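Q: Two chains, two separate frames, one set of hints: put the complex together.
Protein chains in written order, with this note's numbering: chain A, 513 to 624; chain B, 59 to 172.
Do not rely on the hints blindly, as some may be mistaken.
[Unchecked claim] Computed cross-link-like contacts, BS3-like style, restricted to lysine-lysine with a CA-CA straight-line distance of at most 30 angstroms: (1) A/K611 / A/K623; (2) B/K71 / A/K623; (3) A/K583 / B/K115; (4) A/K580 / A/K568; (5) B/K71 / A/K583; (6) A/K554 / A/K623; (7) B/K115 / A/K580; (8) A/K611 / A/K580; (9) A/K611 / B/K71; (10) A/K568 / A/K623; (11) A/K568 / A/K611; (12) B/K71 / B/K115; (13) A/K611 / A/K554; (14) A/K580 / B/K71; (15) A/K583 / A/K611; (16) A/K554 / A/K568.
Keep in mind the hints are simulated off the structure, nothing from the lab.
Here the structure is a predicted model, which is why all the values come from computation and not from measurement.
This is what each chain is made of:
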Amino acid sequence: GESVGLHLPTLSVQEGDNSIINCAYSNSASDYFIWYKQESGKGPQFIIDIRSNMDKRQGQRVTVLLNKTVKHLSLQIAATQPGDSAVYFCAERGTGGFKTIFGAGTRLFVKA
Amino acid sequence: KAGVTQTPRYLIKTRGQQVTLSCSPISGHRSVSWYQQTPGQGLQFLFEYFSETQRNKGNFPGRFSGRQFSNSRSEMNVSTLELGDSALYLCASSLVGRNTGELFFGEGSRLTVL
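For reference, chain B alone in the conformation it holds in the complex (with noise of 0.2 angstroms):
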């Protein structure tokens, strides 16, 4: 079974642009999170998607958005981009209602922004 592939795996872009990540979940996974990896801050929430629907949010600025299409393959967007925007965004799947914490992640998405 494939696992959760991210794309694209490397990008540079610059200050206010914008950018779209992409993951597509293991096949049956229904639930999609997505955190922001930096050296300062560790792992960051950033939100949660399960039928398309948005279920949880971290604490980021309204520039940080997402989406979960109808076949469970969600997209990030970052707005108007800034430099302390660079990092790793992991995204993770995993399946609902099983009696585990697992998250399944794929090897992220690395964001330079300049």
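Next comes chain A alone, as it looks inside the complex (with noise of 0.2 angstroms):
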């Protein structure tokens, strides 16, 4: 079946580093995919997306990448900060845009 799975679990990083968080994803089809980010006590909330024929999308202190020969997708936050302390989903919509696929997520530790 579909599936996004994420390569760690659990990232610490030091404040002011950048971040890297990795996502595999196994459907070609889909037309987006999606970082979300997701405090506690909080539903989850957008960060960024790119579209499937992207291969890089920029925001502000996040970058994503898309490599659709491996199916690998990561997000860059620059100079981390302790309030990017959070857990952090990819996901992938598929085509239609019925449904969205939403990865394991992975916990960012931001020390000070």
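A: Given below as structure tokens:
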């Protein structure tokens, strides 16, 4: 079936360093790949997405890279801050937009 | 603009009971999706509704059902509750036709089954 998996369940970085969170996906037919951030007690919050016909997209302090050859997605966070501590989910949206499948999540710890 | 509102936020039920959860999407959003979140299984897709029609369903037993009303508000129902149904149930709404994969999530309804 369709699945989106994450390479590492936990990532610890020093404040000010760059963070890279990785994700593998299996459904080549997805049209969007998305990153969400979930803080304790809250619902997931959209960070950035990338369309399947792109390989890189930048936002504010974040960059998403898509490698369709190896079915790999990554989220880069520049100058990681304590407020970035959260669980990060990658997700993929199927063609037609009816269904978004989430990966297992990576917990990011930012050390001051 | 108000966000996605889910009620109730917390509830406790016993095995065999049923539960109904409610979701009010962001104004103008006509697509509503439901997810079950547990520590062991992550975010699992339950179903998605648009214009009162279920367009897609996840791999859950028939005890899980939902519906959407003409004002886009949605409810999900779980009958004959089992201990394993304890989870955070998240609702998300989205605009259809926009060039984005963004879902807007509520804060969830946390269900505990005893």
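Q: Between the alpha carbons of B/K71 and A/K623, is the straight-line distance 30 angstroms or under?
A: violated, 39 angstroms
Q: Is A/K554 close enough to A/K623, meaning Cα to Cα at most 30 angstroms?
A: holds, 22 angstroms
Q: Is the hinted pair A/K583 and B/K115 satisfied, with a Cα-Cα distance of at most 30 angstroms?
A: holds, 25 angstroms
Q: Next pair to validate is A/K580 with B/K71; report whether the Cα-Cα distance is within 30 angstroms.
A: violated, 45 angstroms
Q: Given the hinted pair A/K554 and A/K568, is their alpha-carbon gap at most 30 angstroms?
A: holds, 28 angstroms
Q: Against the 30 angstroms threshold, does the CA-CA distance of A/K568 and A/K611 hold or violate the hint?
A: With Cα atoms ~23 angstroms apart, A/K568 and A/K611 stay inside 30 angstroms; holds.
Q: With a cut-off of 30 angstroms on the C-alpha distance, tell me whether A/K568 and A/K623 pass.
A: holds, 28 angstroms
Q: Given the hinted pair A/K583 and A/K611, is their alpha-carbon gap at most 30 angstroms?
A: Holds: A/K583 and A/K611 sit about 19 angstroms apart, inside 30 angstroms.
Q: Take the C-alpha atoms of A/K611 and A/K554, compute the straight-line distance between them, and say whether it is at most 30 angstroms.
A: Holds - the C-alpha atoms of A/K554 and A/K611 are around 21 angstroms apart, at most 30 angstroms.
Q: Hinted pair, alpha-carbon criterion (30 angstroms max): A/K611, A/K580. Please report holds or violated.
A: Holds, at roughly 20 angstroms.
Q: Holds or violated: A/K580 and A/K568, Cα atoms, limit 30 angstroms.
A: holds, 11 angstroms
Q: Would the hint linking B/K115 and A/K580 be met if the CA-CA limit is 30 angstroms?
A: holds, 26 angstroms
In terms of the numbered hints stated before, the structure departs from hints 1, 2, 5 and 14, listed from lowest to highest.
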